[in-house]
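I would like the entire structure built from these sequences, with the hints used as guidance.
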Amino acid sequence: MQANLREKVFLFMPSKLLLHPEINVKRNAPLNLVPENKFFFEHEFEKSFPPVYLYNLQNTNVSFEAVVFKNMQVFKPSLVYSWQVKDYNLIYLLKNYLKRKKHTLAKSGKYLLACDVWSNGYFHWMCDALPRLTISKNMHSDFTLLLPEGYNAPYIINSLKMFAFKEILLIKKDSYVRVPELALPGHVAPTGNFNPAIMSAIRNNFFELYKDCKFEHGEKIYISRRNANYRHILNEDEVLKVVEANGFKIVALEDYTHEEQISIMKHSRFVIGCIGAGMVNTLFMQKGGSVLEFREKGDGYNNAYFALTSAVGVNFLSQFCECDRSRYSNTAIQNLVKFDLLVDIPELEKNIELMLKPL
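Residue 232 in my numbering sits at position 232 of the sequence shown, with consecutive numbering throughout.
Just so you know, the hints here were simulated from the structure itself, not pulled from any lab data. Possibly wrong hints are sitting among the right ones.
As the list claims (entries may be wrong) - Below, computed lysine-lysine pairings styled on DSS-like, alpha-carbon distance capped at 30 Å:
1. K211 <-> K161
2. K76 <-> K338
3. K220 <-> K249
Unchecked claim - Per label pair, the in silico range of CB-to-CB distance:
4. P180 <-> S82: 19 to 29 Å
5. G218 <-> Y97: 52 to 62 Å
6. L33 <-> T104: 47 to 57 Å
7. A29 <-> P180: 41 to 51 Å
8. K137 <-> T104: 24 to 34 Å
All C-beta atoms in this analysis are idealised placements derived from N, C-alpha and C, irrespective of residue type, glycine included.
Here it is as structure tokens:
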């Protein structure tokens, strides 16, 4: 019996194909970095990312959450982080086997999965899933893409037009699929980090996809979160007076189509905004431009947009702000995302002067 168990475990060992070798990236320091803030960024100045593989798995399962599992084991490369295996544990696996409906896919088909449990959000679709789709693009014509039901946001639907899959198959809620042959491109970089060449390819693919859209609001953009549920600027009225006096157009990105959002950013050189998903669109700014990001004082963890702007040749500035969580009843995890900020106005004026100064 012990031998049989061992045999079942080893059946989950996939073959793999190298898609991209290990890379090292170097990032320029923020333009306004002062010695007392160096601690929050210096660990990001140089990074190494491991090789990216395409995993080929036989007779495996994919859940509605895009978790790959077989023989009571989760395949860790299908997760965002390997430690998430504790969340997709025995109870989770039994729930799939016992309570969810299984759909067995055609043996003649070849299937590809490039999303994970977080991919339905804007940041993680644009910055994690699309790089995986882009790095495996040359093989798509032979494959059916697996996608959880509910991935129906316009930015997802439109971005899939950039790829030539045979078809797209939706994994229905409260079900899982049995896949005879599954291709799983690994994460191109740990979430919040970026391969510059891949991000440039995504940028150019969107420019081609939306080439007929000429919508713009000028070179100076302030991204407001006035319509968001959290991460508001508490003194935004004061902030708006300063940015408008410096020629910035006030934009709430959710008021525009995805096509218009990208066109607005394509024409921009200077962008100011609070840390949040809207800052993903700095991916599409003019190279050599500058971004000023408001973030919580003491935050040396959330450096995704510092990394993103560096990957696409955009300068970065950071302004640390006093944080207020009094509006929220947060768990420890929610504390990372649910808060409001108070912007120091004299410091903002200095940062705008610096970002607009010719380099």
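Cβ separation of L33 and T104, checked against the hinted range 47 to 57 Å: 55 Å, holds
Distance restraint hint 52 to 62 Å, applied to the beta-carbon atoms of G218 and Y97: This hint holds: roughly 56 Å between Cβ atoms.
Status of the given 24 to 34 Å range, CB of T104 versus CB of K137: 28 Å, holds
Straight-line alpha-carbon gap K76 to K338, limit 30 Å: Answer holds: K76 to K338 is near 29 Å, not above 30 Å.
30 Å limit on alpha-carbon distance, applied to hinted pair K220 and K249: Measuring from Cα to Cα gives roughly 6 Å; hence the hint holds.
Satisfaction of the hinted span 19 to 29 Å by the C-beta atoms belonging to P180 and S82: With a Cβ separation near 26 Å, P180 and S82 satisfy 19 to 29 Å, so the hint holds.
Distance restraint evaluation - A29, P180, Cβ atoms, bounds 41 to 51 Å: 50 Å, holds
Straight-line alpha-carbon gap K211 to K161, limit 30 Å: 14 Å, holds
The earlier numbered hints are all upheld by this structure, with none contradicted.
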